[in-house]
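Colleague: Listed below, chain by chain, are the residues.
2 protein chains.
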Amino acid sequence: MEQFTSNQAAAWIWYPGDFEIRLHEKVSVKRRARGVMYPVFWRLDRHYSNVSFRYTYDLPQEEQIRIMAEGAFSLFLDGRENYRSNTPVVTLPAGRHQITVCVFSDVEAPALRIEGAHVRTGPDWEVSSYQNDWLPAGSWTFDSPENRPSQFRLAVTPQEPVSIEQRDGFPLLDFGRETFGYLRFHNLAGSGSVRIYYGESLMEALSPDGCYSLDEFTVHEAEVRAEDGIYTLDDAKAFRYVWIQTDPGVRWSHVSMLYEYVPLDYRGAFECSDSKLNEIYGRGMYTLQLNTREFFLDGIKRDFWVWSGDAYQAFLMNYYSFFDLDVTRRTLIALRGKDPLTKHINTILDYSPYWFISLYDYYLYTGDAGFIRQYYDRAVSLMEFCLKQRDEEGFLIGLPGDWVFVDWADFATTGALSTIQILLARALEAMSIFAGLAEDPAASDSYRKLAEELKARTMQLFWDEEKGGLLHHRVDGVTQPELTKHASMFAMTYGYLTPEQRERVIQSVLLNPEVPQIRTPYMRFHEMAVLCEGGLHDQVRQQILSYWGGMIALGATTFWEEYNPALADDAHYSMYGMPFGKSLCHAWGAGPVYLMGKYFLGVTPASPGYETYRIEPNLGGLEHMKGTVPTGKGQINVEADLSIIRVESTSGSGVLAFASSEQPACNYGTVRPLGGDRYEVTIEAGKSYSITYTAVI
Amino acid sequence: MEQFTSNQAAAWIWYPGDFEIRLHEKVSVKRRARGVMYPVFWRLDRHYSNVSFRYTYDLPQEEQIRIMAEGAFSLFLDGRENYRSNTPVVTLPAGRHQITVCVFSDVEAPALRIEGAHVRTGPDWEVSSYQNDWLPAGSWTFDSPENRPSQFRLAVTPQEPVSIEQRDGFPLLDFGRETFGYLRFHNLAGSGSVRIYYGESLMEALSPDGCYSLDEFTVHEAEVRAEDGIYTLDDAKAFRYVWIQTDPGVRWSHVSMLYEYVPLDYRGAFECSDSKLNEIYGRGMYTLQLNTREFFLDGIKRDFWVWSGDAYQAFLMNYYSFFDLDVTRRTLIALRGKDPLTKHINTILDYSPYWFISLYDYYLYTGDAGFIRQYYDRAVSLMEFCLKQRDEEGFLIGLPGDWVFVDWADFATTGALSTIQILLARALEAMSIFAGLAEDPAASDSYRKLAEELKARTMQLFWDEEKGGLLHHRVDGVTQPELTKHASMFAMTYGYLTPEQRERVIQSVLLNPEVPQIRTPYMRFHEMAVLCEGGLHDQVRQQILSYWGGMIALGATTFWEEYNPALADDAHYSMYGMPFGKSLCHAWGAGPVYLMGKYFLGVTPASPGYETYRIEPNLGGLEHMKGTVPTGKGQINVEADLSIIRVESTSGSGVLAFASSEQPACNYGTVRPLGGDRYEVTIEAGKSYSITYTAVI
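The listed protein sequences correspond, in order, to chains A and B.
So in our numbering, spot 268 of the first sequence is number 268, and the numbers just go up one at a time.
So in our numbering, spot 225 of the second sequence is number 225, and the numbers just go up one at a time.
There may be inaccurate statements among the hints.
The list treats identical chains as one, so a pair stands whether inside a single copy or across any two.
Said to hold, decoys possible - In silico DSS-like pairs for lysine-lysine, Cα to Cα no more than 25 Å straight-line: (1) Lys-626 to Lys-598; (2) Lys-338 to Lys-26; (3) Lys-343 to Lys-388; (4) Lys-598 to Lys-467; (5) Lys-388 to Lys-338; (6) Lys-633 to Lys-388; (7) Lys-455 to Lys-467; (8) Lys-30 to Lys-598; (9) Lys-626 to Lys-338; (10) Lys-598 to Lys-276; (11) Lys-343 to Lys-633; (12) Lys-687 to Lys-338; (13) Lys-598 to Lys-338; (14) Lys-626 to Lys-687; (15) Lys-455 to Lys-626.
Hints listed in this document are in silico derivations from the structure and should not be mistaken for laboratory results.
I would like the entire structure built from these sequences, with the hints used as guidance.
Modeller: Now the structure itself:
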């Protein structure tokens, strides 16, 4: 996305998306189940091995260029295909000429770097996979001969255990909190084998037969591979504890680890009068950071995979925390993959619509229309694939072999699910916007109409006026009586309900104890959000304290894949039929990061890229809160207690909206009464607003 | 295709087609233009890196198996995905269980070999790329731990130059005829560089600035890489001559080469009373052999690529010579590649229909319905792609970016070309047969109807009753007056003409000097065939002697990509704007191999796999001929002079058809008169038939 000037550094370039798709291929097979590879169970897409780059230059005088490629290359000028060169230095003739460089690489994605005084590779070059597809080349931060796309690795830094104790005669190391990386042995000596049992929990590390992650090696192997006396293990692991068993006589001076991570700015912040909530927020940030890697992963112990439904939430959390767009773009590209589409993303029906919605959110939070345009064709073909799988009523349904997920819950997944239709409608609205950005108004209209028709048909056939919500599913043309929260929640979030319907949903569905409760942090993310949409911040705060606080009370340093408060203390770790199958550092557990930023500090973009925005702080029962929301180029600071709201923004223009039981006052601009106890103030960049008000409790 | 018994050797297995597709990826970038890579200019498809194999066994007692994979593997039983093993030896429990083995390999195609007393990998295992596609696994002759698919290499054997002379003080080696392989230097010494100029012709080798293939290395590089004093160059080349220039003081004891080839049985044979024709046949066989490699290539110097239109002819020649089905299947699989289809095969409109016709020929000559069924889905999707590209009249047309080729000739390629429609009709007929084999009668009917409609519409809109042939093309709904031979030729070969139309085509198109003459051996292949279909063997024999004999007169040891008898002796070698751009060993130059077997010996299958066949010998002006046509499992021998026909067949049952001006007699069975001077005899396997007759001259 970076724009280069004429003095641009010579960048490594590639077929757009292929760096990301190749990286995803590598990451998708890193998962180890008790030391054994557990690859993803969907088709892994691959980079094009055979591509061609081109560029037309116009030089007043000849110029020497230096050519480097990842792969084999051949260069020719002006279409003279039979007269090729593969020397690393070429003198380009003066005048206007077209350079073509073919690059082949069957291992890493073919990449090219050319450096001359004026002619330099960058995104103004085009690339083709020989399918009539000359596209702007992909590039990123790789801009030196050594800094090559294939060599991309996350950052590492040493970490030390905070305590070591002996258990059954073997050392148990505690790194203090969940972490991720490579264990290192310093000055290993003796002979025999070393067996390492990793645990996200203490109990897991102490269960050699049950722990999910383990390693084994001999001292001899380690000695051969050690550098400067340090043997660093090959595979990174997720853990807090390690228990190291050895044959007699094996010894070392020291065990440490290399923490592997994406360097992230903690741009979002939240601090309030409730220290428990602050702790939850902090551990949420850390949970999200650990899962923010080559891509947004679901969990770092297991699955270590990239899932669209999980990423949808991680993207949203990221906009309120790190605002890291590199990981976001990589994840969106990797999830979409390549054609032909024969199954939904991650094999899950609902995970295709989530991709469009995530892409729309990317546009809304960043305003990056260039990225949308670059991948518009891939969005079009994914939507074509989805639209083909509608039933005779026009509802998107699961076909044989599809996984209709929605949530880990005991409900039917046959026929047409209302939740799926709401997601598809939102995806169609997103496509309408993308088509507009791609300057295809006819397609934009067509997607908009499809969205409207689908919304209308869904409301008509699933809305139950008596029950006050959307019924769960429809089989053979008959809507079934089952009521779940999911569809009504999404419909409310996406603004598909009338004010009356919203009120009915809140009272009759969300707050109705007879409707099946949501138990996964995955879907509770959406539930908490929609409760906030309904103004129930106080209740959300209490639920966060109870649910996320409950995990902390059990010793969680990061948040879990699933949490059932009703379980006994030692029964929390099993899942998927494995005693320690549950992931204790799962991205979707970090929901409070998003909820605090979006619904308590109350900051949302009102137009793409935060050109305009809305700030609607809600203390939700807190006495005081203070925080920051990143907005791309800048940030918005919000501070509130029961009598003062302070707001500062570095760019764009916004509206601060709030309720006050007395007439408020502001140091800048005008306070506009909206009727009742509602007021708003226009916020301009660079000014510190201070509003005196009286909170409505 | 091999069937395994319960005592089958443990075979390496893979996702069907992926061995071939990976091999094609490697071969497609071997071409070197003056030492520089010149990759294919179409999308190169790739193997799936992430696949899963499965097999259900039932064992009376437990059994130890040994597991090997190309790539990383993990094995589990009975769907217990969380309990995986990657140890090379596993003990399988007794009873009925399902083994699943995931294999990932991003370099070579993932492959698996399991060997136990009873449980062994073979084509009865299934494999999936995680797209709901459990298919019978691919396998071939790789059945030992060392003999792995990724290690597949053609055979090599040493060859020596037949003469060495000095030119300008540097040695010029002549290997006696066109060959292909790796030059070797024995006991190289001194220092400095060695520059090698290869020539298919003497003139090319003596043109350092113009030759297509060259090598350069230093003595030092060679010494580092030599084994037992022999330095073998990395890249194989096509050549007859090499001219070796060196820096002063560089010396060696000896230069030889390693000839690289597919070991082929010369199962077809032809010998006749005309020694020139025998020479043409022999050089045709050798031309074909050199191009019969990992795949059927177009030419071994250039392009070294796999082209569907070229392969269509090589396939047919192969059925009358080597009957090598491995190369045939590899080529069919590689050409089809993978989805999504965004361009025609090789980017050429006509090359998609040729693929279906080639696949039909494969079925006709071999009867291998299993292969058709295995790749039926890929045929269906290629046909879907083709059918989408029809105009409003239902004619297949070139879209923007398509290469509409038909032939190297000066004719229009706009609008709908009649040749393309004839090829598509034949392709649809083939699809109808394939659908029948795949037990989809509805699809079979549908393809047949599409073929009939297209044939009828083509005859209606392109047939010119006055000119007696199919006009060339139709633009904006108007058939243009241009007449070319191509469409009429194919229509005649495929049996789309009435007897009256055939006669008109022969007289008014084929034998009409005012219709533009065909100049490429590529299309002359089809022209010669159709002249034989018209009974003009004598004329074909004379044309072969003149055209192919003309190349021999110019020193050809193999046949060329193009030959224009009108050119001066030294003007034959240039093509594509390069002084030695022309390929002097081009598969399509080997047409006489096919013509002699099919139309002179006259052997054709009448039903798939030669279960029944027809023998219609035609001396075409020769006094005597004798030859063999392979029929898969067996062969058919035919010998004829003007008074005796001798026929022997090892399998199947056939009909010998011939003309005789006197009543013929036969040593076995009955001679059935068909009216006029036509007779036939039923041929049973294992008997030597001798027919006394009087040839009609």
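Colleague: So, for every hint listed, does it hold in this structure?
Modeller: Hints and how they fare:
| no. | hint | result |
| --- | --- | --- |
| 1 | Lys-626 to Lys-598 | within (13 Å within a copy, 89 Å between copies) |
| 2 | Lys-338 to Lys-26 | both (16 Å within a copy, 22 Å between copies) |
| 3 | Lys-343 to Lys-388 | both (12 Å within a copy, 22 Å between copies) |
| 4 | Lys-598 to Lys-467 | neither (30 Å within a copy, 79 Å between copies) |
| 5 | Lys-388 to Lys-338 | both (18 Å within a copy, 21 Å between copies) |
| 6 | Lys-633 to Lys-388 | neither (40 Å within a copy, 47 Å between copies) |
| 7 | Lys-455 to Lys-467 | within (19 Å within a copy, 62 Å between copies) |
| 8 | Lys-30 to Lys-598 | neither (34 Å within a copy, 57 Å between copies) |
| 9 | Lys-626 to Lys-338 | neither (44 Å within a copy, 56 Å between copies) |
| 10 | Lys-598 to Lys-276 | within (19 Å within a copy, 89 Å between copies) |
| 11 | Lys-343 to Lys-633 | neither (38 Å within a copy, 43 Å between copies) |
| 12 | Lys-687 to Lys-338 | neither (47 Å within a copy, 59 Å between copies) |
| 13 | Lys-598 to Lys-338 | neither (33 Å within a copy, 45 Å between copies) |
| 14 | Lys-626 to Lys-687 | within (17 Å within a copy, 101 Å between copies) |
| 15 | Lys-455 to Lys-626 | neither (39 Å within a copy, 78 Å between copies) |
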